[in-house]
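Chain by chain, the residues run as shown.
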Amino acid sequence: MGVDSMARLFDMLKGDHKEVTGLLTQTIENKDSSQFPQIRKMLEVHMEGEEKYFYPKIMEEDKETALESYEEHHVGKLVLNELNKTGKDDEAWIPKVEVLKDVLDHHIEEEESKIFTEAQQILSNEQEEEIAQQIEELKSQRM
Amino acid sequence: MRLGVVNMAEFNNVYDLLKNDHNMVKGLIKDTIDKRDTKNFDEIKVQLEIHMMGEEKYLYPALREKDKAKMDKSYQEHHVGKLVLHELKKTDKDNERWIPKMKVLNDILDHHIDEEENQIFPKARDLLDKDQEQDIFKKIKRSKSLMEKQPMKKILEVR
Chain A
1 MGVDSMARLF
11 DMLKGDHKEV
21 TGLLTQTIEN
31 KDSSQFPQIR
41 KMLEVHMEGE
51 EKYFYPKIME
61 EDKETALESY
71 EEHHVGKLVL
81 NELNKTGKDD
91 EAWIPKVEVL
101 KDVLDHHIEE
111 EESKIFTEAQ
121 QILSNEQEEE
131 IAQQIEELKS
141 QRM
Chain B
144 MRLGVVNMAE
154 FNNVYDLLKN
164 DHNMVKGLIK
174 DTIDKRDTKN
184 FDEIKVQLEI
194 HMMGEEKYLY
204 PALREKDKAK
214 MDKSYQEHHV
224 GKLVLHELKK
234 TDKDNERWIP
244 KMKVLNDILD
254 HHIDEEENQI
264 FPKARDLLDK
274 DQEQDIFKKI
284 KRSKSLMEKQ
294 PMKKILEVR
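Sequence lines, in order, name chains A and B. Under the numbering used here, the first residue of the first sequence is numbered 1, with each subsequent residue one higher. Under the numbering used here, the first residue of the second sequence is numbered 144, with each subsequent residue one higher.
Hints were generated in silico from the structure; no laboratory data involved. For every residue, glycine included, the Cβ atom is placed at its ideal position computed from N, Cα and C. Keep in mind that the hints are not guaranteed to be accurate.
What the hints assert, rightly or not - Here are the computed lysine to any residue pairs in the SDA-like style, where the Cα-Cα straight-line distance is at most 20 Å:
1) Lys211(B) - His74(A)
2) Lys101(A) - Lys232(B)
3) Lys77(A) - Phe36(A)
4) Lys209(B) - Lys266(B)
5) Lys233(B) - His74(A)
6) Lys77(A) - Asn163(B)
7) Lys232(B) - Asp90(A)
8) Lys188(B) - Leu226(B)
9) Lys173(B) - Lys211(B)
10) Lys41(A) - Lys114(A)
11) Lys63(A) - Arg240(B)
12) Lys225(B) - Lys41(A)
13) Lys101(A) - Thr234(B)
As the list claims (entries may be wrong) - Rough simulated footprint, nothing fancy, chain A against chain B, three-plus residues with beta-carbon under 8 Å:
14) 177-189
15) 268-274
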């Protein structure tokens, strides 16, 4: 395996974080709900990929941290679901996006500063590459 | 079991009273997580609900007239807190997801409390005049003492 593919998994997941955070910031700043379908799709696929292929590996080594991550996703999904069923012109819609962004910012911070660091030690390069490919495959099917 | 009663005569203003609530609930939640002991959950739930109700009925509306966007977000932060509280209530205490859910509630509240104490309360001190502050203080105290006279079981049933 070449050096190029090392740590590709974490770059990919961080790339997702950055992209979705950017879209959320735009939505809030411009009070423009037009990107919401894209945000929702991206988040759903990203969370599904992590939950199916990445978190189970963390769960084996550090159950407590993994379980908290699942719960953070779960709260994100609750708010996403509310955004989906609330009228885009409802005055609570943008405040709900702000809360979603805070929840995700906190989760991303924990993931990038703690979980990815741990995962690098837990996973072999081959395992990382396998997870990266599984997540790419899921993205190509779903997006 | 009865609700832990706060001696409200100790406080001179509404902000100190609300900050005391924050510290008390944070302490109970930290204990729950550190000791993995769910016995204080009813107390946490009732204290949070009484606290949120007081803010939403008396403090937030006065501030919302001045800064609608900021206060609409505070209502939504409470709302997400209530969603997680509700899940904690309906999830078995011995489910392995119960403590992780409590940790998520803790993170949500930490963030909300930080915003409230460092942004909203200082702003409220600027925006509200003394009479308004006293009026809100009195109403929140009255609402808390009404709730605290109820046995906790009864509050949990209605809410």
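We went through each hint and held it up to the structure:
no., hint, verdict
1, Lys211(B) - His74(A), "violated (28 Å)"
2, Lys101(A) - Lys232(B), "violated (25 Å)"
3, Lys77(A) - Phe36(A), "holds (14 Å)"
4, Lys209(B) - Lys266(B), "holds (10 Å)"
5, Lys233(B) - His74(A), "holds (15 Å)"
6, Lys77(A) - Asn163(B), "violated (32 Å)"
7, Lys232(B) - Asp90(A), "violated (29 Å)"
8, Lys188(B) - Leu226(B), "holds (12 Å)"
9, Lys173(B) - Lys211(B), "violated (32 Å)"
10, Lys41(A) - Lys114(A), "violated (26 Å)"
11, Lys63(A) - Arg240(B), "holds (11 Å)"
12, Lys225(B) - Lys41(A), "violated (26 Å)"
13, Lys101(A) - Thr234(B), "violated (26 Å)"
14, 177-189, "violated (count 0)"
15, 268-274, "violated (count 0)"
Taken one by one, the earlier hints fail for this structure at numbers 1, 2, 6, 7, 9, 10, 12, 13, 14, 15, listed in ascending order.
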